[in-house]
Structure formats: C-alpha cells, structure tokens
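Asks: Here's the letter readout for the chains.
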Amino acid sequence: MATTKKYWKSTAQLDDSNKMVKDLEQNEFASAIPTDEFLGNDQAMEESNTSRRDFLKYVGFSTAAASLAACEGPVIYSVPYVNQPEQIIPGMANYYATTIANGYDYASVLVKTREGRPIKIESNRDAAYRGHANARVHASVLSLYDNNRLKAPMIKGVESTWEELDQQVAAQLAQLNGKELVVLAQTYASPSMYKIIAQLKDTYTNVRVVTYDTISEDAALNAFEAKYGTRALADYDFTNAETIVSVGADFVGDWQGGGFDKGYAKSRVPKDGKMSHHIQYEANLTLSGANADRRYPVTPTEQKQIIAALYGKIVGGAINVSLSDKVAKSVEQTAISLKRAGNNGVLLCGVPDQAAQQLTIAINEALNSSIVDTALPIMTRQGNRKAVGQLVSDMNAGKVGAIFIAGVDPLYSYDDSDAFAKAIEKVALSVSFASSMNATAAKVDYVATTPHFLESWADTEIKKGYVFLTQPTINPIFKTRQLQESLLKWSGNEQSYKDFLKETTSATGASWNQSLQDGFYSTTASDVNVTVAEVREISNADALRALANAKKPSGYELTLYTKTGLGDGSMANNPWLQELPDPITRTTWDNYVTISQADADALGVVNENVANGALDGTHVLVTLDGVERKFPALIQPGQAAGTIGIALGYGQTASIQEEMQTGVNAYPFYKNGVAVQAVTVKDAGGNHQFACTQLQNTMMGRDIIRETDLTTYRTGNKDQFNPMPEVSLNHIETAVTSPDVDLWESFDRSVGHHFNMSIDLNACTGCGACVVACHAENNVPVVGKAEVRKSRDMHWLRIDRYYSSTDSFEADEAKKDGFDGLFGDNGSLGGFGELEIPADNPEVSFMPVMCQHCNHAPCETVCPVAASSHGRQGQNHMAYNRCVGTRYCANNCPYKVRRFNWFLYNGNDEFDYHMNNDLGRMVINPDVTVRSRGVMEKCSLCIQMTQMTILEAKKDGRMIKDGEFATACSNACSNGAITFGDINDKESEIFQVKQQDRMYHLLEEVGTEPNVMYQVKVRNI
Amino acid sequence: MTNRKLHFSAWQFLLAFVFVVLNSLSVYAQQDATTSDGEPAVPVDAVSGADAAKGEELFKANCASCHKLYKKQVGPALYGVSQKYEKEWLYKWIVNSAELIASGDARANAIYNEYNQSNMNAFPQLSTVDIDNILAYTDTEKPAAVVDVAGAEGTAVAGSGDNSVTNNIILGALALVLLLLVVLLIVVNKTLRRFAEANGIQTVFDEATEERTPIWKAFAQNQFLVLVTAIFLLLASAYFGYGALMSVGVDQGYAPVQPIHYSHRIHAGTSQIECKYCHSSARESKHSGIPSLNVCMNCHKSIAEVAETTYQEGIEEYGIDYNKEIEKLYAATGWDTDEQAFVGEEQPVRWVRIHNLPDLAYFNHAQHVTAGKIECQTCHGPVEEMEVMYQYSPLTMGWCINCHRETNVDLQGNGYYEKIHKELSEARGGRQLTIADLGGLECGKCHY
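Each protein sequence line maps, in turn, to chains A and B.
Quick note: my numbering has the first sequence finishing at residue 1021, numbered continuously throughout.
Quick note: my numbering has the second sequence finishing at residue 1469, numbered continuously throughout.
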C-alpha cells in the first residue's frame, strides 16, 4: 500500500529556500565525484597497458607477497645496561617523591619510573600537606615528552650551545652600567631561590624581582598582606566544617591554586548523621556550585553586596543593599547558618576586590573560624600585578637594562601583550627561561632552555613551614639547564644547584636524604617574609561602603575562569588535558562563552544538537575597551542572568601543535589581572561545532544517581532513600537481587580475592583527576576533537554530569511518576520533553562511570568469539587479541562503558598526538597492551595493578593487607570517593562500605550484579 | 620386463654407492676431530727439591684469581719471579705483604704503588715449602708445547680448511663417477635393446604397450580409487597445511648469531654458575633480564683467557675463538687489561632477543621462578648444554595452557597461598590443585 507520509531527514528540509536541500533533492552527492579526472582522459586510458585483469593480478600478487613476508618474524634487539644502576630492576617500577611547582599547580607527588623513565604521577599520600595531585598534575608527565619542547638553548631563534649563551649573556650583563636587571618570574616560594636572588643582587647591585602570577590573586594577597604583614594566602581545612559559604569562590576547583577539595570531600560524607552545609553564590556554574547544597546564581556586583550584607549581619553595622528578595532572604538564612556553626563556619570570597577580601577576613575573624589558617598561610601565590604594570612603563622609559623572564609567558598571558612586546624591545638584554618556544621566548634574544620539573631540582615552600623538594626522575632529555643553575653561574657561583640546594636544606637542620625520600621537610627556620611595600589597608567602613554601593554595569558582567583541564594554559600542548571533558559542560578541546538561556534568547544565540547528537552553537562578539573577540557561545544552565563566563588558557599558538591550538585567547580581557569585567556582548551568528562527551543533560527522572536529603537519610529508613528495585515473581514483588528471579547460576567466588569498587557520590566533586590517571595508566588513546564529536572518545572512565530539570532531582522523579496519560498538563508526551530541559538553576550531580564488571555481564553472553569473559576475582576480562570487533558487547552493555577502536591511534599521522612520536610514546605503560584498530576496549579494574599486588605478596610469601589493592582511579582520588578492595577480606574497608545503607548498584533492576557500587548522594538541604 | 628390472637394480646400486661414500666421509670427519685434540703441557721441575705439580695445585687454589704466569692481570705476571726477588723477601711478601709494605721496604712499596695501592691478600696458611712449590711452578718455562699447540691450532684451522677443499674434490670426483655410471647405464641399455631387437624379442614388449591401457588412464577410470586418493590428498594437505600455518610465528629452535658469542654450555654447564646469578631479575621482575655487562665483569676482570682445553674445544668444535669473544666484552665495557681499569668508552651490546612473546601476552618470570618455584630448564630446555642459545619451547598459548592444566602447584611454605589452598582443596575434594584451579586459565590473567 502506498503511503503519503513524508519523512524528514533534518529540520533543514523544512526550509524550502535552503540551497543545499534543493541541490541534494536532485543529486545524490553534494558535489560531483571527480571521476573525470581519470576516466575522462580517453587517450591516457587507451595508451595504458594495464588492463583490468592486470590490475587484479597485481592485487593478487601483492596480497600473497605481503602474507608471505608476514610469516618471517622481525629480529628484535635487546640492549642491556653496561653498568646497571643498583636500584633498577628491568620490569620493576621505582617511585620517587618530588614536587610540581609550575606557577599554577603546586603539589607533592610520587613519580613512577620504569627503566629510568617517568610514566605516571601519583599523589604523595604521606606528604604533610598538598599530597594530592589534580588532573593537570597527573597529566604533567606527558608534557615531559612534549615534542615541541626546545632541545637546546636558543640565541636569536637559532639553536646554540650553553658556552656561547653564557659568554654572550655575561658580556651583555657586564655592560649594564648601573641599569636595572629585572627578574620577572612566577611565584617560586623557594628558600634556595631567595638565596640565589640575594647572590644575584650581590653581583649586579641593581636587581629587581617582579613576581607575576598568570592567574592573579592580587585582591586576596593585598588584603592578607595588609592584615597579616606577609604576602600569602590563608589556608583552609574544611574537614570539620559545618557551614561553608562561598561567594564567587570556586574552592572545589582551582580557586587560589586549589587543593582544598580533599578536606571538603571529607566534610561532605555524612558521619553520625552530620555533614557540612554548603551555600554557594556565583555567576558561572562552577564545580563548587555543582557540589553545593544550595546555589544562588548572582552577578559579580551582587556578590559584592552579599559580602557587605553578610558583614552587616555577622560583624554588625547597618547596611543597605539592593538585592532581590530571594537573594536577600537567602543571605539572611546564610548568616544565621554561619553564626550557628560558629567557629566551624567559614566564608570564602572569590570576588577580585580587596575590599571584599578584607571584609571576608573580618567576618571569619568574627566567627573565630577554625577552618581558616592564617598563621601558616599558603605561599604559592605572591604575584603583584601592579608591579608588572610598573615594569612595562619602566621598560618603555629605558630604565631596564636586562630582563630575565622565568616560568611565565607575558606575551601570551598579559592583558596588554602588545604593550609588553613593545616595551621588551627597549631592553638591551632579554632572556627567557622557557622550555618551549612560547610567545615570549620567540620574542626575546636569548632562550635559556629549561628542563621539565621531572628533570629538575627545586625546593618550594608551599605552606609556611613546609618545604617540598623537587628531584629529577630522569636525566635531562635535551640540552637544558634550569633557571637556578643559570642564575648561580651568572652570579659567578660555580657550585652546582644540587649542592646549593643540599646546603640550603641541611642548613635548616633537615636530613637531606630523608627529606628527598619523603618529598618534603618541615621547618620553623623559614623567616622569609615577602611583602610589597605599597599595599594599603582600607578601613572596614570604607570597604563596606564601597561594596554596598557597587553598581551593576550596563552590558554583561564577564567572569573569567580557568578550566580543570587546561588551567592557566601552560600545558596547552598536552593532548590528555585537551581531551579531558570540562566537568560542567562536558566539552572537550574548546573554550567558549557560557551564557544563560534567557540571555541567549535575548541575543539570538542558538545551541542545537545535530543529527548525530553533536552540539552546534552560534558565536557572540565580546568587547571590552575596544578589544573585540569572537567566541562560540554555549548555553549554560545555572549561569546567572546578565553574566557570561569565558575560560582562560586557550587560544595559544606559539609552539603549540596545530591540533592543540584550540579556543580563543581570553587573556586580553583579563585587565589588570581582575577576573571580573564589564563587557558588551553581541550575537555574531555563524556556526561552531562543539565536541561534547555527553549528549543528554538530564536524567529524565530515571533512577541513575540516587539522591536524598540529610533529614530523610537520618531516619535510617533505607526503603525510603535507597529502595531495592523489585520485580514480580508469581505476582509477588521480589527483590531483584534474589536468586529466585535470577536467570543465571552464580559462580562460587568465596575463595581467593573478589574485587569490588565503591564510589561515594557525596565525596566525588567531579574534578577529573581519575580520568587522566586512567589515561596514563592504561594507555588510553587520544582521539581528537572530530572523533569526540562523533562520540568516539576512548575514556575508560567518564564522569557523567546531570542537571535537574526542575529545582531538584527528586522533583524530577516526582514529576515523572506523576505523569497521567499522554496529553494534558500531566501528560507524558509533553512532560518528557520538559524533563529534557535543564532548569535555570539546576541541581547538579556527578557520577564516575567505568565498566561495572557485572557478575552477570550482558556483554559476555553476546560475544561470538568469547573475547569478553569473567574472572573469578570479579573482573570482566577483555582479550583484545581475541576480539574481532563485532561491537555486540557495546550494544548490549546497559552502562555504555565499552569503547571501540575505530582507528589505529598509535603511529598514525591522522592522530598526531603523543602516540605518534617516539618521544611521546615514552609515557606508555609497558604493562598494558596498546590496542589496535577494530577491537573493543574498556576498564579492566586495573588488573595489571591487582595482579602486581598479588605477585608481590606471593614473592614475599605473605597475606595481602587491606589497602594494598588499588586501581589508577582509586589512587588518583584523594577525596576518598573511590574505594577499592577485596570483599572476601571481611576486615577490609570495601567490605564495610558494601554494608552501608547508602550502597546501591547502578541500574540494579537490570540484574547485572555489578562489582562496582555507588553510595547514595546525600544533600544537606 | 627384463629391461625394467635392469633399471631398478642400477638405481639400487647407485643409492648404495652414494650411501657408502657418504658414510666414509663422516667417519673421516670424526677421525679428523679426534686426532687434533691437544694434550695439556706437563709441568717441569725447575727449582730442585720443590714439587712443581703441588705448586700448580696451590697456585690454582690461591693465586690464579689474580695472577697468571706469563701475563699481567690484577697482579703481575709471576713467571721468573723467583729470579727477580730473593726467597726470604718473597716469603715475607706472600705471607703478609701489608706488613712488609708497612715496614717501609722500598721494593714492596714500589710494587704497592705500581698496582694502585691495592694490597695483595695475606696467605699465612702457606708454609715456606708450599711457597717453594708455588715458585717452582711459576718458574715453569712457557712450554714450547703451548707454542706448538698454537701452531697446531693454526695448522688445524688450516687443516680444516684443507679438509673442506679435499672434501670438495672428493665430492666432485664422485659426481664425475656418478655421471659416468649414468652414461654407462644408458649405453648398456641401448646396447641391450639393440640385442633384443636383433634377436626379435622386442615383439613381446610392443604388444604389452599396445594392449594395455596406460596406468593413469586405468586409474582415472576407477572411480573408487580416485575418490580414495582425493580424500587422502585432501586430508594430507589439510594436515600439512594446518601444521604449516600453525608454525607461522612459532620460532622454536631460533638460534640467532649474537654480537658476542656467549656459551651457556661453559657458564651454566661446565662452570655450574646458577642461572639467576646473571639473570637475577628473574626472581623479582617480569623480565629475566639480559645481564648487564658489569655482571660479566664480576668474573671476567680476572678471566681474560679461557683454559687451553676450552680454547681448543672452542676452535675445533664451534669455530669460535673464546679469547677474542672475551676481548669483545672488554671493548664493550672499556676495560683495559694492561692498566686493569675501565678506561675506554662504554659501548652497550645489541643482543638479539631470542624469546619474543607478542605484546598482547603478559608473562612474568618472578611469578614462575619465585612464586611457582619452576626450574628455568622447564621452559628454556637444557641451557647448560647449549653452546648457542636457542628457543627450546614453542612459546605458544597452547603450550602455556597445557602446562597450567597439568602442573600441580607446590604451595607449601608460601604464606600467601595458605588460606586459598586450604579452601580450594576442600572445594575440590582434597585433590592436588593445578594452576587452572587457581584461575590460571582465565583470559585476563595474561592478556591486558
């Protein structure tokens, strides 16, 4: 029967005027296939001696020849050491404690080396402080093997030798004639560096050090210095916090250098019916906002007023602020909550304004907050943006005779980089200490090429009294020399920096060997007080007045932020970080303007999902003081109306591989290092293709992430907050885990080990460290933006992010359960559509999902070649060499955790990332197979690590203690969200965790009996 | 009929002839090998009253690790030392050289300084008689026999070269003889046929050919035979084809030529060096580890030359000059035999890897050697007999699996296995456990 139905391929077809649609109606292909190029030339065809038969013969011959040639195995050589170092056993990993201090991230880490090359970074859990690595720190090992690193010192853009460079620099330094020598550097916070600078000052008298933090914390630093007399930042330990109030501070993310999430996560896990209460006021939706119990989207101007209002309510004083009723009411409640928490309450302020920071200090003091530690502050930000501005004008005035630029790239990251570039031309001697030809290095005369931190020595006082040592874990790969070594040499000190450092360390009374092994030493001897003279204190009354009277600018308020992946952009050439999805937007390889739905509608900004689910968006034009940049716009639920957000760190081009030159540089908007700016935004049309790893934003009321509130949880009624799914057996509701409703016979797993993993959704902040750690441990390939857009990302571990469609997830579920019929107000037809749309200020939840290692795995039963099979230890095995790539398993997996190798990702020019060059391949873990094209892969629960633990015990002839078993992700999660272990060990933590009443399995109703479990998320509302 | 029979016997004769010739050749080769075996030189008494034979024994037990007779090693060459120094002084020096040096003896200090101020061990256990015996031995002339043997070596090498030439000549002559025989046979055949023709016997022959259908036609007409043959051929080709395909990538017997000829026969066999002395990481790690050269130098610092007999054996049986191979080691480590120090440039050796598992398979030596207590020879074969190391086992998955199925696990005395073993053997009714029972057949144990 003929049908008159018309099927639409896409919405574009509805548009009659669309040229493409018209063309395609007539032609099968959008453009003509160029057959004429070879078929059209009759003469050539006739003259050719190659007939079709010949062609087939050639094909046959080459196939046969190739298969014959393949029979012969290649000759493989093995080159042992001539003198094997005592501590190296080929095939065994060595671990060294060291410290990353790159100006943005500071952490004590353990470096895993194999046969002398670092292949993985782990948290140094024994460190007294900051012993946890975030996603960037985990990825930093790949930057060591960056093909774009400089391989030798450079003189005027040409590779040179150190002798030559030393000679020329010394000659120029001798001609300073009293002119100033300026060291423009990142924050080193290094005791030995202070001494080196002192030596430099002895040699060249007129020396000035300007500290420049790419991401500036000037407001907080100024406030702290004005109050406590030292340029540092207060430290926070949230472990015992009761009420945490953050105004614009993304402290779960990278606020003030980050690293606070460990204590925060501890406070979030309900213990004895108690957990912290977190209230967040912010403009962009940040990790902190996503984790908060209550979140209020407010503009930066409102944030100032909120600080003022809170000051009035807690410290005292009549303040008149013009906040909306809803916000004003919430501020009132917040103040009560803070006061009730007393010294377990804390206020954090991310407003880049000294007045706001100063009042925050005052409020915390009034609370007598035990969360804040001002006695032993954090030393990792000491920058002074004003001094940088001064330096530019001094250079222009010709006062500066020589400039050393170390650890920073002002020509990329300074807001007025053109002015800086012009100024630097007026300096006779300019030396950049950089490891790649970045924008600044390309501009200056001399590049004293520096090594990666894994090839260097250093000491860093991350927190006052705690000095962390950096030690090399590999010999310098290239002809590099670290800054300290160069400065020592140019000060006429022939001592090696290692000896110098050893002396400095020993002088404090610390044992050198012990400190190196631990990665740090604590000292009370540190008496260096960094100060900047011109900091003035504002009186609290003035500050209050200024904040209360803050006026909303016309246009939009821009809040600049840094992403979990790229941070300040210094590791932009790192494909792991480029491909790490932003925890909130789930977008990779990009930065963009985040804008609220209301503003998007007003401006005409459109986001739409195209046929394959990928996201497309239009552009906007952002203008600030004549600086104009075009950004793609991404509609962000939770973005405060009237505000936009842009990530810094993107848009770098100098010394960045073409694939990694992503996004648009937003530093030109970072005027004076202030993250909040008033800008104008215009629609700029066009079409931008985003590469998101998640297509669905809401859960549609499904039972994926289980949530409850603290009150319900306190009742202890598990059926209410964590009900077991039931199925009907002979009309009797039976728990899905009951053997009566089970299709399968269970194996006996009582003997030996049985691995389980638990993920506490309360402790997971969504930081992404586990994703990068998994990348590094399991040789997960990078696929690139175009492939991510096709949903072909290879991450074995993903962190799903869901927005609620109504005010909360529970309301979503209630709404779904309340559907009645197809049509009408409660109709499911329109209702489900509504559930797809995230709320303006949604609740946000994160859920790390990897292979669930089901005991009744659906993937195993459908594999035609038994490539996927089950181990007695609970792991679902994947034999790559057996896999023929039918992808049945992926189709049958309810969790969608299997990843298919659509291409060969190593040694393939089409995927020119680290696996395509010899240097980059050095990061590959030799214990894990590098997969080839056409096979399925997935999380193995790090079977190489569990097997290694077992073998170590066998070698020693002992039982395995709890805590020995680990996976890459459980090691990387310093927040304690991931617990891993053997449930057959009844004393183990994982066994205890499995008995908790918050425990549930993902999609339990499917009956897969996973070995990965989750703990219900409890919100303290 | 006669004709055919004649042909047959001729071939038989030919075969037999070739067999005999070949046999005689191999016998000749064996004789060649035995005749050139050199006898060790007999020591000669030089100092009257002293027993050089006893001296040699003592020398080998006490001195040989640092001294040689005619060549400087860790210590000086000792030939003629009794002429150089008076006996009393030598007694003092040998019994306790440090004391002598400390006493300020000029000559003692000169030697001490010459040899980088390293002390010679004290030998208080040696009596003066013992020392006399040793000195008697050290005065043994560099035996002419050694020179002769060296000469003999030369000739032996040359001889073996000659042998190969004569072999070629003999073979060539034999080929000629064979050719002649073939020609002769053809001629005889023709002559006989002519005789037959002349005598009119050929009619029987012709009739037979005319009447009989050719054998291949008869065969083709017999459908049963064709069927059976076809089945047989198919089965045979399947069998051999399968065998051939299964051996693709299996390098059993792979014995590549190495940059330095290293004899496992001498080290593991003759010298009885424990495998894991050199391959120490087999105890700890997944790799057995090709020993780094500093391990070689632990012994070869003082073994610059192999014993005469070993040397001869190397030359004759394997065509290898062992001393030259040791020199290669010295070149790679930068060892200078004269200065007794590492002075040269280090040059890592590019060994050819013999056992190559594909990347997709994970194998761990420590698991088998330390936890499993398996002898190296179980997989690597009689290494102590291998002059040239080769791959003994097929290293196929079937081979691994078989062993995992069949081998009973020895879990005694390993604390890790105690609980598991108890529970498992209860579950398995108390029978001995195999590796398969412990999960040793699971894919993910070796493939990840």
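Bear in mind the hints are in silico, worked out from the structure with no lab data behind them.
All values derive from a computational prediction rather than experimental measurement.
Keep in mind that the hints are not guaranteed to be accurate.
To be verified - Derived SDA-like pairs: lysine to any residue, alpha-carbon spacing no greater than 25 Å straight-line:
hint : chain 1 : residue 1 : chain 2 : residue 2
1    : A       : 313       : A       : 398
2    : A       : 954       : B       : 1445
3    : A       : 986       : B       : 1206
4    : A       : 671       : A       : 623
5    : B       : 1443      : A       : 370
6    : B       : 1394      : A       : 269
7    : A       : 479       : B       : 1241
8    : B       : 1297      : B       : 1337
9    : B       : 1440      : A       : 608
10   : B       : 1440      : A       : 949
11   : B       : 1443      : A       : 987
12   : B       : 1394      : A       : 959
13   : B       : 1075      : B       : 1139
14   : A       : 954       : B       : 1459
15   : A       : 112       : A       : 841
16   : B       : 1297      : A       : 991
17   : B       : 1093      : B       : 1352
18   : B       : 1297      : A       : 821
19   : A       : 682       : A       : 731
20   : B       : 1322      : A       : 82
21   : A       : 718       : A       : 976
22   : B       : 1322      : B       : 1344
23   : A       : 994       : A       : 872
24   : A       : 955       : B       : 1311
25   : A       : 954       : B       : 1421
26   : B       : 1440      : A       : 945
27   : B       : 1297      : A       : 89
28   : A       : 961       : B       : 1075
29   : B       : 1345      : A       : 955
30   : B       : 1297      : A       : 608
To be verified - Stretch-level coverage of chain A by chain B, calculated; a stretch enters the list once three of its residues show a Cβ under 8 Å from a Cβ in chain B:
hint : segment
31   : 76-85
32   : 287-293
Stated by the list, open to error - Counterexamples of contact, computed for chain A against chain B with all Cβ distances above 10 Å:
hint : residue
33   : 34
34   : 472
35   : 616
36   : 697
37   : 748
38   : 836
39   : 875
40   : 927
Backbone N, C-alpha and C fix where the C-beta goes; we use that ideal spot for every residue, glycine too.
Asks: Each hint: holds or not?
Replies: Hint by hint, here is what the structure shows:
Using a Cα cut-off of 25 Å, the hinted pair residue 313(A) and residue 398(A) is violated, with the two alpha carbons roughly 52 Å apart. As the CA atoms of residue 954(A) and residue 1445(B) are separated by approximately 17 Å, the hinted pair is consistent with the 25 Å bound. About 91 Å separates the Cα atoms of residue 986(A) and residue 1206(B), which puts this hinted pair outside 25 Å; it is violated. With a CA separation close to 12 Å, the supplied pair residue 671(A) and residue 623(A) stays within the 25 Å bound.
A hinted pair counts as satisfied when its Cα atoms are at most 25 Å apart, and residue 1443(B) with residue 370(A) does not qualify at roughly 53 Å. For the hint pairing residue 1394(B) with residue 269(A), the CA-to-CA distance comes to about 47 Å; that exceeds 25 Å, so the pair is violated. Straight-line distance between C-alpha atoms of residue 479(A) and residue 1241(B) comes to about 80 Å, which puts the hinted pair past the 25 Å bound. Distance check on the hinted pair: residue 1297(B) and residue 1337(B) sit about 30 Å apart at the alpha-carbon level, beyond 25 Å; violated.
Distance restraint check for residue 1440(B) and residue 608(A): the Cα-Cα separation of roughly 59 Å exceeds the 25 Å cut-off, and the hinted pair is therefore not satisfied. With a C-alpha separation of about 17 Å, the suggested pair residue 1440(B) and residue 949(A) falls inside the 25 Å cut-off, and the hint holds. Note on residue 1443(B) and residue 987(A): the hinted pairing holds, with a Cα-Cα distance of about 20 Å set against a maximum of 25 Å. Annotation: proposed proximity of residue 1394(B) to residue 959(A) holds, straight-line Cα distance about 18 Å (limit 25 Å).
Taken as a hint, the residue 1075(B) and residue 1139(B) pair is broken in the structure, with Cα atoms around 28 Å apart against an allowance of 25 Å. Between residue 954(A) and residue 1459(B) the CA atoms are separated by roughly 13 Å; this keeps the pair inside 25 Å, and the hint holds. Distance check on the hinted pair: residue 112(A) and residue 841(A) sit about 43 Å apart at the alpha-carbon level, beyond 25 Å; violated. Between residue 1297(B) and residue 991(A) the alpha-carbon distance is near 41 Å, which puts this suggested pair outside the 25 Å criterion.
Distance check on the hinted pair: residue 1093(B) and residue 1352(B) sit about 18 Å apart at the alpha-carbon level, within 25 Å; holds. Our distance criterion of 25 Å between C-alpha atoms is broken by residue 1297(B) and residue 821(A), whose separation comes to about 77 Å. Proximity of residue 682(A) to residue 731(A) is assessed by CA-CA distance (about 61 Å); at most 25 Å being required, the pair is judged violated. With a CA separation close to 14 Å, the supplied pair residue 1322(B) and residue 82(A) stays within the 25 Å bound.
Taking the CA atoms of residue 718(A) and residue 976(A), the gap is near 23 Å; set against the 25 Å cutoff, the hint holds. This hinted pair checks out: residue 1322(B) and residue 1344(B) have alpha carbons roughly 13 Å apart, not beyond 25 Å. Simply put, residue 994(A) and residue 872(A) have alpha-carbon atoms about 19 Å apart, close enough for the 25 Å limit, and the pair holds. Of the pairs offered as hints, the one joining residue 955(A) and residue 1311(B) holds, with about 21 Å between alpha carbons and a cut-off of 25 Å not exceeded.
Distance check on the hinted pair: residue 954(A) and residue 1421(B) sit about 20 Å apart at the alpha-carbon level, within 25 Å; holds. Proposed proximity of residue 1440(B) and residue 945(A) is supported: the alpha carbons are some 22 Å apart, at most 25 Å. For the proposed pair residue 1297(B) and residue 89(A), the alpha carbon gap of about 13 Å is at most 25 Å, so the pair holds. For the hint pairing residue 961(A) with residue 1075(B), the CA-to-CA distance comes to about 61 Å; that exceeds 25 Å, so the pair is violated.
Restraint check for residue 1345(B) and residue 955(A): not satisfied, since their Cα atoms lie roughly 40 Å apart, outside the 25 Å limit. At most 25 Å may separate the alpha-carbon atoms for a hinted pair to count; residue 1297(B) and residue 608(A) exceed this at roughly 65 Å. For the segment 76-85 of chain A, the stated coverage by chain B is satisfied: 9 residues place a CB nearer than 8 Å to a CB of that chain, which reaches the threshold of 3. As drawn, the segment 287-293 of chain A meets chain B at 0 residues by the rule of a beta-carbon pair under 8 Å; below three, the given contact is violated.
The claim that residue 34(A) is not at the interface with chain B holds, since no C-beta of that chain comes within 10 Å of its own (minimum 41 Å). Listed as a non-interface residue, residue 472(A) keeps its Cβ farther than 10 Å from every Cβ of chain B; the least gap is roughly 22 Å. For residue 616(A), the condition that its CB be more than 10 Å from all CB atoms of chain B holds, with the nearest at approximately 39 Å. Non-interface call for residue 697(A) relative to chain B: holds, since the shortest CB-CB distance, roughly 35 Å, exceeds 10 Å.
Residue-level check failed: residue 748(A) sits 7 Å from the nearest beta carbon of chain B, not beyond 10 Å. With a cut of 10 Å on Cβ distances, residue 836(A) stays outside the contact zone with chain B, its closest approach being about 39 Å. Non-interface status of residue 875(A) relative to chain B is broken: a Cβ of that chain comes within 10 Å, the nearest being about 6 Å off. Distance to chain B contradicts residue 927(A) as a non-interface residue, since its nearest Cβ pair spans about 7 Å, not more than 10 Å.
In summary, the numbered hints that this structure violates are 1, 3, 5, 6, 7, 8, 9, 13, 15, 16, 18, 19, 28, 29, 30, 32, 37, 39 and 40.
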